[in-house]
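2 protein chains.
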Amino acid sequence: MDDDRIARLDAWWRAANYLSVGQIYLLANPLLREPLHPEHVKPRLLGHFGTVPGLNLVYAHVNRLIQERDLDALYIAGPGHGGPGMVANAWLDGTYSELYPDVTRDEGGMARLFRQFSFPGGIPSHAAPETPGSIHEGGELGYSLSHAYGAAFDNPDLTVVCVIGDGEAETGPLATAWHSNKFLDPVSDGTVLPILHLNGWKIANPTVLARIPDDELLDLMRGYGHDPLLIEFTADDDHADVHRRFASVMDEAADRIAAIRAAARDGAVERPRWPMIILRSPKGWTGPAVVDGLPVEGTWRSHQVPLTGAREDAGHLRQLEEWLRSYRPDELFGADGEPAPDIDGLVPSGDKRMSASPHANAGLVRQDLDLPDPRDFAVQVDDPGTDDASATAVLGSYLAEVMRRNPRTFRLFGPDETASNRLAPAVYEVTDKQWKAKTTELDEHLARAGRVMEVLSEHQCQGWLEGYLLTGRHGVFTSYEAFVHIVDSMFNQHAKWLEASKEVAWRAPIASLNYLLSSHVWRQDHNGFTHQDPGFIDVALNKSADIVRVYLPFDANTLLRTYDHCLRSVDEINVVVAGKQPQPQWLSMDAAVEHCARGLGVLEWAGTEREGREADVVLAAAGDVPTIEVLAAASILRKEVPDLAVRVVNVVDLMRLQSGSEHPHGLSDDDFDAVFTADRPIIFAYHGYPWLIHRLAYRRRGHDNLHVRGYKEKGTTTTPFDMVMLNDLDRFRLAADALGRLPDGEREHAALIEDLLDRRRRAKEYTREHGEDDPAISGWRWGGVSGEGARWAAR
Amino acid sequence: MDDDRIARLDAWWRAANYLSVGQIYLLANPLLREPLHPEHVKPRLLGHFGTVPGLNLVYAHVNRLIQERDLDALYIAGPGHGGPGMVANAWLDGTYSELYPDVTRDEGGMARLFRQFSFPGGIPSHAAPETPGSIHEGGELGYSLSHAYGAAFDNPDLTVVCVIGDGEAETGPLATAWHSNKFLDPVSDGTVLPILHLNGWKIANPTVLARIPDDELLDLMRGYGHDPLLIEFTADDDHADVHRRFASVMDEAADRIAAIRAAARDGAVERPRWPMIILRSPKGWTGPAVVDGLPVEGTWRSHQVPLTGAREDAGHLRQLEEWLRSYRPDELFGADGEPAPDIDGLVPSGDKRMSASPHANAGLVRQDLDLPDPRDFAVQVDDPGTDDASATAVLGSYLAEVMRRNPRTFRLFGPDETASNRLAPAVYEVTDKQWKAKTTELDEHLARAGRVMEVLSEHQCQGWLEGYLLTGRHGVFTSYEAFVHIVDSMFNQHAKWLEASKEVAWRAPIASLNYLLSSHVWRQDHNGFTHQDPGFIDVALNKSADIVRVYLPFDANTLLRTYDHCLRSVDEINVVVAGKQPQPQWLSMDAAVEHCARGLGVLEWAGTEREGREADVVLAAAGDVPTIEVLAAASILRKEVPDLAVRVVNVVDLMRLQSGSEHPHGLSDDDFDAVFTADRPIIFAYHGYPWLIHRLAYRRRGHDNLHVRGYKEKGTTTTPFDMVMLNDLDRFRLAADALGRLPDGEREHAALIEDLLDRRRRAKEYTREHGEDDPAISGWRWGGVSGEGARWAAR
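Quick mapping for you: the protein sequence lines, in order, are chains A and B.
For the first sequence, our numbering assigns the number 1 to the initial residue and increments by one for each residue that follows.
For the second sequence, our numbering assigns the number 1 to the initial residue and increments by one for each residue that follows.
Note that these hints are calculated values from the structure, not bench results.
There could be a bad hint or two in this list.
The list makes no distinction among identical chains, and a pair is therefore deemed to hold if it is satisfied within one copy or across any two copies.
No more than 25 Å apart at the CA atoms, straight line, and that leaves these computed lysine to any residue pairs for SDA-like [said to hold, decoys possible]:
| # | residue 1 | residue 2 |
| --- | --- | --- |
| 1 | K438 | P228 |
| 2 | K182 | K639 |
| 3 | K712 | D571 |
| 4 | K182 | L230 |
| 5 | K438 | T234 |
| 6 | K182 | L706 |
| 7 | K764 | A262 |
| 8 | K764 | D227 |
| 9 | K438 | A264 |
| 10 | K502 | P720 |
| 11 | K639 | R680 |
| 12 | K764 | A204 |
| 13 | K438 | P213 |
| 14 | K182 | R265 |
| 15 | K764 | P43 |
| 16 | K352 | V593 |
| 17 | K182 | A389 |
| 18 | K712 | R695 |
| 19 | K182 | P228 |
| 20 | K712 | I212 |
| 21 | K712 | A393 |
| 22 | K714 | E331 |
| 23 | K438 | D571 |
| 24 | K764 | P407 |
Just so you know, these numbers come straight off a predicted model, no measurement behind them.
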């Protein structure tokens, strides 16, 4: 390593550190052309310095590797609090000024760079959507390594350098993300180089991994299947020596990676032990060693702002100035504030700059999927409710064709449930599950490379998919409905990322994140109460209406049409809930396309409205099981009260219920009334927690007439019809509700209501006695509603 | 190991396996007194067999250890799907019949035991609250090991045997839970013996840990700080040999544990490497090897029900009968179906039976906390709004005293935020953070034993606390409000556990799970958008009203009173949101007690109602920051429109807004109207997402007049007052809202409304220019509202 290269590395490091400190502290006097005065210092000192010097050191050294080895590299900063560092590096390599032309690469631009940081109307304190080169925010910790692997899938030429803070390393999601190496194909996927950055401290505590012996730490990394390289720096180390030693470790890692990739291309089949680096360095490195008599550098006290009184306290101000000048800014920046030649010499060319990587502005990379016509997979429905099909199995055939046509840009992620959710066998006729650990002759559908990613960690599934989408590809996450709550917070953070990205002019749209929540609340026959929770929709709807869509297709064709729409959308999160069990099919493909285009509508064949007479009562449903019960209730009313004008409504796009002023999919009040009426009783059978419908519709004219049934947290291991009875969502209860809500209905229909509730009681008794539902009552084509389908003309 | 003991172990194992299979399959003929006929088989075959034989093997062998070493042991079955096994063991040791007298320990009881499993009206398929000896459900996987450590804290005589499935081991929470051993004190805490049960398969896939080489797996466990013992069994192994070898491993582990504990009691200070066992055994062990020509035993096909056609398919029925008879039931059960003497010989005495452990029926162990009088910690408030205090700092002094008085039964859990949330320094005057990894001279408040548990994993915090509560102790979990979403699903599962427990007659109440959500959405000055999410309340309110309570105390004294209440409550989950920043104080302790007892109320000193005249408009608030803005808005209106009768309402107990028919804390409609009026405009400033208030109050008479402001997902790193402005929750907007909603108010008060919005614009401009809020506008005692406090008589 010659001195020139060391000088360049050190200049970059000092410059990036200087610019980071400047962002946290300075309102003016960015180059210290004059002595530092209180008015140069920001009134509110916000930000996090502790992790920044380590992040900047890595950045400089990856730049060298890019130059020397012509790498295509992406940088993921797990410590999101290192935001000022990532911004500093992007400014140094010129990307920042290209994307934000007012933040020029000179003294004036530097002043704007400093001022805007954590400043009202400026930029946030994290590596955020506003940060060039970032696909990872890291405000909430735990997902950097999953994101890194997601970025590497199907990107064989990409090296993802992922710095993991030792705080983040304590989280569960990060602790299991190390195992991602069992799912990476060294031929068709890229490389992840994890750098575990042990700076020893969290906000107020030491970190666990910094306080176990080296041999234990190395065992841990070997146990995770890695080949660890350990390097340690202290505050006393000579910086030239730091660069020399760190460059040597980075070269060693790069050499081992190259060897692994070459061997894999030559046909090596064993899972490689990829290198990873353990970097021990002081927290707040190069910052003030002692403040007010207390040690700061190398302790948790440097986590945020090491000198908190710089504006009020003359001693702190002087110490801040010394600290800034210790980086020797005069050597680093020219007369106009532009970076010195040493720094320029370490800037990779064009798109090779990590801040300019097209992978990190994924919209530039993303290509529309080549999608088949969903009609080619449609279920034939001549007569509603006569034939059964599994909606997800039908979708599986469609997704298989999506994979066939898009062999490098589409993946399916899920926690061991692709088969259970009936997307298999179809998808396995096209692809396999990617798996790089040991295989045996008993295994099925495991392969070195495949489109299906299964691991029993919802965090991993979501993190991988996010990384995959954020680097320009497409995918679907299938999950048990109840357990998708495991990633509530990841959903929240991704929604926030998308929301913030919309305000960033240079970020092009990325593919939407698509959920398929099958194995839903109503069909947990094997599993019971713990597996019953439809509340993810409620979590999703707290996020911006610009981002969130919720669909409840009620049969195979509406599911196909919904997914065709979702896979074409961008910058959204689509929550799709659909059952996997064989169930009656209702809409032909033509009808499904029309119904889904409207998002909701009257099922005329199911109701008993007569021309010229408005409905007496509306039975509405959202979700596959509620729709069956509503249709059965309508069928009962048709038989028992033939004069009654019943309207049956189905809602696929839940956002239609909101007002157009609140959600882009929302209906106008007049359109809403045209479907639901303004003044007739509405009995609404909803898939999830009933109050959600009120939350969406509380401003509607007819809201006072709206009576919602849904899941009210009653459940156990029991039969499907017992489940709907437990939650008052069954056909008998719904029919009784409808009658009871008619004017004078309770009196006029008293005998029938009593009869309905008695049929309910008998159904329950039968189930308790026989352990299965009475075939004469439950199901669809059975018993009381048998053959109805034939009398309803298909649309 | 003599043959007698082996015979006993094998008899127990066969009997437990037999009873497990019987539960999954049989409706009648429990002892196979006659040949098996289709009508003996359940119509719906539900349950999971795959993991059961391993769980039963461990159970038998722990029984031996208990007998031979007089252990006090608790069994946690990570694979919740092993429910039939846990029920079988509880029946064998007699506990089941003691707790459920109709399920006698004879043939009739066995028939009932079989029938009820996964049967409508019966018991669920998991180790559940209904299962004797269980504190862990495991429907959602990942938390067994955290629960085990939580159970061990402060239980020095307890050994928690924790079986971890290799599916569960892939989850993030479990992957980091191994590090719990850095937080366990071998003197004052108990022992956890993790048994990683590798049966190799999930639903449809191999497991990661079963498919890495032994040396990697051992490295991993050593890296986690454990001393692993590996043992492997195959389907071909002789069962006597199995018992001999497994007993030897269990003895080895028990010996090492005893040595560690003895050394620790003798003063050894180094963190011990606790033993753990890796148990490789076939999935579906002892079940059918091949079904319909496909391998089943030792594959994923034995995950649930190995023979699915036993009622319809004569071949399956015959195979089922052979399988059941392979356990030789005639040797295992006597003439009346009672367990044979060999089995009885392996039953530990009384409470030593794991199914009868009082630790697992925690209400029997729980003692009320010795609580101080919160008045002793109250802030003096003579005049509302004149002095500042940090509510959480005041609470910290109170919690410190709680710890002083309850040195063995109360702990505080949090992800590195006790200091940041200002509970320190007070709590560290009484106790320390428990930490068993290396320490340095820079560390503060770390100790071998302490009442504060900090690790950067919300999953660990929640899991430890749940385990601690479920074994009869008390605690509080403090978290950033946004990041408590990380444990949404754990919250859901714990709520379901409590809900189901209420239906189990023999389960005594346990202490409530108390959250303290500080560092909330409105004060993320350092952190910005990623740290802003008040939606946990929405998640919480989807669970049963019997369980969930939400409190938003708005100053120190209301927080004290709230926590005094929470720490006395049982079987609930209390979500308490309170800011940590120094803020004005409003209520004296007397007033706070009265206000909190009602849960909400009119702040008469803040309004301008006159006697005999109802309010013209109601300004309501829930949350500390919204209350400040409402009080400031009321102050503005008092000055600008002196004739206007403004009522100011504050809500601490959010559940008061619901109807009494929906929540036990709910107000009657008349009481609601007495506070909010039935017909006047209500401007409601809410801490969280605004639609939640509509969801709670949509049936109230005055709902059409209710106008809610709250967090609408607008945020970044900015000033506190800019944050409320971004979300239209600021005093100017609220005052303008109030005026605009008066009859003809928009016209009558047009000039003032315009002036208010102009003050808002100027406030925003000031902030954007100076990077801090205009001291003349924002804050509380400043500017427009200065000195108001003095004119409001303290109650």
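Contradicted hints - numbers only: The structure breaks hints 2, 6, 7, 8, 12, 16, 17, 20, 21, 22, 23 and 24; every other hint is satisfied.
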